[in-house]
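Participant: Each chain, written out:
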Amino acid sequence: MRNRLAGIFWSILFLAVPVLGVGVFAIAPSIDVWLPKDVSSHGKEIDSLFYFILALTGIVFIVTEMLLFWFIWKYDAAARGDEKATYIHGSHTLEVIWTIIPAVTMLFLAIYQMNAWADMKMRRPVMKPTVEVVARQFEWRLRYPGPDGDLGTPDDLFLVNDLHVPVDEDILIQLKSMDVLHSFFLPNLRMKQDAVPGMKIPVWFKATETGQYDLVCAELCGWGHYKMKGRITIESREDYDAWLEAKYREQEATQPEPMDEIL
Amino acid sequence: MRNLCLSRENCLPRRVGLTLGVSSRPGLQWSVANCLLCTMLLCMTLLCTMTGCGQSRLPAPTPDSEAAIALRASLASDSAGGAGGSEVVSTGTGWGTLTGRFVFVGSPPAAKQLIVDKDTAVCTAEGRKLFDQSLQVDEATGGLANVVVFARKVSRVKEREMPEEPLVFDQKVCEFLTPVFAARVGQPIDVRNSDPIGHNTNVSGTSFNQLIPAGEGTLFTPARETGMPTMVTCNIHPWMKAYAVFREDGYVAVTAADGSFTIPDLPAGEEVELQVWHERSTGPNGALAADMPELGWSSKGRFTVTLEADGTTDIGEVQIPASAVGS
Amino acid sequence: MTHFLPFLVTAMNRHSTFMCRNRFSLSPVALVLTVCGSLLFVSGCGKTPAASFRPNMVEAAKQRLKPEQEEQVATILEAMFGTPDNPIAMPETGLDIGKLRLAAGPVHSDIVGRKNGLFREHCSHCHGVTGDGMGPTAAFLNPYPRDYRPGWFKFKSTERADKPTHGDLVTILNNGIYGTSMPSFELLGEAKVDALVEYVKYLSMRGEAELNMMRYFFELDDEDEGKLPETRDFLVEEILLPVAERWQEAEDAVIEVPEMPEVDLAESIAMGKELFYGNKANCVKCHGVTALGDGQANDYDDWNKVVKQWSDEVQSSHEVSTKEMSREEKAEHREYLARADKALAGDALEPRTIQPRNLRQAIYRGGRRPIDFYYRIHAGINGAPMPAAAGTLTPDEIWHVVNYIRSLPYEFDGELGADRSMVARDRL
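Quick note, the sequences are listed as chains A, B and C, same order. For the first sequence, our numbering begins at 1 and goes up steadily by one. For the second sequence, our numbering begins at 1 and goes up steadily by one. For the third sequence, our numbering begins at 1 and goes up steadily by one.
The hints are simulated quantities; they were obtained by calculation from the structure and are not laboratory data. Careful, some of the hints might be misleading.
Examples of chain C residues lying across from chain A (beta carbon under 10 Å, computed) [claimed, not checked]:
(1) H122
(2) S124
(3) F185
(4) E186
(5) Y216
(6) I255
(7) Y410
Values in this document were obtained by computation on a predicted structure and should not be read as measured data. Just so you know, even glycine gets a beta-carbon here, dropped at the ideal spot from N, CA and C.
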């Protein structure tokens, strides 16, 4: 008893994968599960790379899935009576082709993105760090260098989780980890960098718009990973300076603050 | 295991059977391996079920929720009154003195040497050694020193003047000179440091933990009763340890080197309940038990006496066995 | 997961009849799997019972309470404080029930979409549902999470034995405690932090009331038959109010801080250094000649000391000879020791020594504002060995020490190369 129904079931199932896959991508932006708003100077390049690779892999995905469906549909044993399958040992030419095409594509991508990579990870702006971020279980400890611009001096400003940076300026962050691997992730600034214990990793970007955005940890760092939600505030130079000044004054307090300020 | 399951049919559940390593042949052909596997599975499950998921801890009592609701209602209404502690009603007149003597039965164990790892130039100069002072037994008389005796509740308190001279609590060569001391609430205590090095004195259960510079002193006035004696330590030299007891009425005594104690001016002609404490006691909260049923001596370290007015009542020798003071 | 197992097995069997040529019967193995799976399901590993407060079993065992006495305490506590899911704030506590409800209970959203169950979401995995510092992650942390029940808090603006103010606890939640595992919760927002602080106060009051009651059994007269009087006079006036009032009094008991003396900073630092190494302030004895916090390594903080001392006591009680004891005494002694061992193993964490702060790292647990240093040096640190300097040092002198300590991380200009021990020896 050969069951034609089984063949139909499996081929339809495999057809559902590309249909649903494409469908999800098509409606995602309209239900707000797409890339978050980009507020960085390098974000456009990252996003266009993303779209380019998405298009490329998308086409390959659709073609592969359609072929899969077609073969299951067409060559279902139940539908083909007693016709025997041909036994082939393989095609050298075919194998060479399907090795070379992906290899060339990969190589192209590797070269095509090189400049973007260098901009983000290699061409560091020549400057002192704007702020040191120390990731630890489970928070972001921040240290601003204070007026002298040097870290490790008595005028350092210590804060936690509430990162502020000025808009339209090069920002250089010195990233450290106190305990385990964390990942410093600013989705709106298209910035993600692992924090590695024992390393001092420079991270740089330039924000183009003011506002408050998420700072999260993108590396499962322990049971309290979800707690590592910080906040980045991008503000004008004047606001930023005023904020630094206010925070520094708080840190140097020699008298208690009035209750209404604490609460 | 794989061989077990080789069969002609290769349908999906067979494959699952393969990965689980069990045969799914309908013919019920039980192999030894199958039997073993099933037994193991059953045993493990039973074990899991019986032990539960928690660790073995002391069982916690379950609150009686219905009683709790009723109690909550009665606490909310002011009318639910009644005195908490029973007040002692005065029935006698006059004042008397209580004395007695604590004796250690048997030979006391050798005192442990303390580890002194700091300020050794002062604390252990010239090969001096410091010893644990928690059990001090007089060699000649067998008297047990540093036992605290105090009145639990009295019906009346004889008015006596608060001593103006502060009680001196001194430390020298990294030891507290009075390992157990008693004071009245409100009585000033001069916490002194007769060492050439700095100490701090930390009276637990109070707000007092103060730096005492070399050769200086500071006043401490206990503001509250301690109940049972409270520990006094020096955090700079953690081996230093003493006990303090503060009583509102001042009816408290610490036994001397020969084991004797005297509490004067207790209310006479009526029952007075006294509490006994020793640092090494194996009883609850340091309560010292003794085999003296004639005084009604309880396992909570309490006994009752009725004093003669204007006289001295001696409870005699109280024998303390080694097991009562943890040795 | 386990309860899926039987379903999976039967589902597979049914599927096989559709897919296979041969009829697939329920094999004995599948039967066993089904039985095992159902057993696990029924045994309740998958179910979460309603949360309950864990009684202070260490104190109960230490006070040698009988089961009915333990039950009485648990019942009284439920009457006065409710349960973790349904807290109660008696008016005497001065607590705000609205805030408590926000923090208590399981994590869920209420009718208006507000997040409830904040304590269990953010705090209980370390501090425990009861606030006993025995949550599931507690044993991994150094220092251990705070046990609120004795009612001692370290970093505050009040005198040593006083409670912290509401603002003090808000500051701790906002800033976290750098150098420990306590993170910052500032971004939760004011309302949530406020609710959590209120709940911490609630748990602390509850824990202290529990301790007071458990200890009171010893104070009972013999004719009370080992039962606490369940009257308002006793439970509210003698047990609850003394605790609650001290929390309320804290708000007006903030240490007054005189202004920093107007001397040159370098001069002030030099004077502070003199005091730090001198016999008067004696900081050097614990914080070490290098100020690396290596001067004292074998002391305990009060939370650990309580466990350590009792565990030593129990240990020596194990060695006491039972020869002279009567049969009942012997049984009682054994029962006490068995319960003590179990309580110490299951309801207390292995006691751990406390380290004096390394003052060279610029990591300060109790805050880095000069005023935070002033509070700590003035009043000492409650629960920790750090003694108070007020009375020994003048306010000006305390400020000098504050300035010196704040300069310590930068004394060598941030360079680690300088030979610190040499420098320290010169100084002495």
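Participant: Would the hint on F185/C be counted as holding, given a Cβ-Cβ threshold of 10 Å to chain A?
Facilitator: Interface hint status for F185/C: holds (8 Å vs cutoff 10 Å).
Participant: Given Y410/C was flagged as interface, is its beta-carbon under 10 Å from a beta-carbon of chain A?
Facilitator: Holds, because the Cβ-Cβ distance from Y410/C to chain A comes to roughly 5 Å (cut-off 10 Å).
Participant: For the hint on Y216/C, does the least C-beta distance to chain A fall short of 10 Å?
Facilitator: violated (36 Å)
Participant: The hint names E186/C as touching chain A; please verify it with the least Cβ-Cβ distance against 10 Å.
Facilitator: holds (6 Å)
Participant: Please verify that hint: S124/C, Cβ, nearest Cβ of chain A, below 10 Å or not.
Facilitator: violated (12 Å)
Participant: Would the hint on H122/C stand, with a C-beta cut-off of 10 Å toward chain A?
Facilitator: holds (7 Å)
Participant: Measuring from the C-beta of I255/C to each C-beta in chain A, is the shortest one below 10 Å?
Facilitator: holds (9 Å)
The structure shown violates the earlier hints numbered 2, 5.
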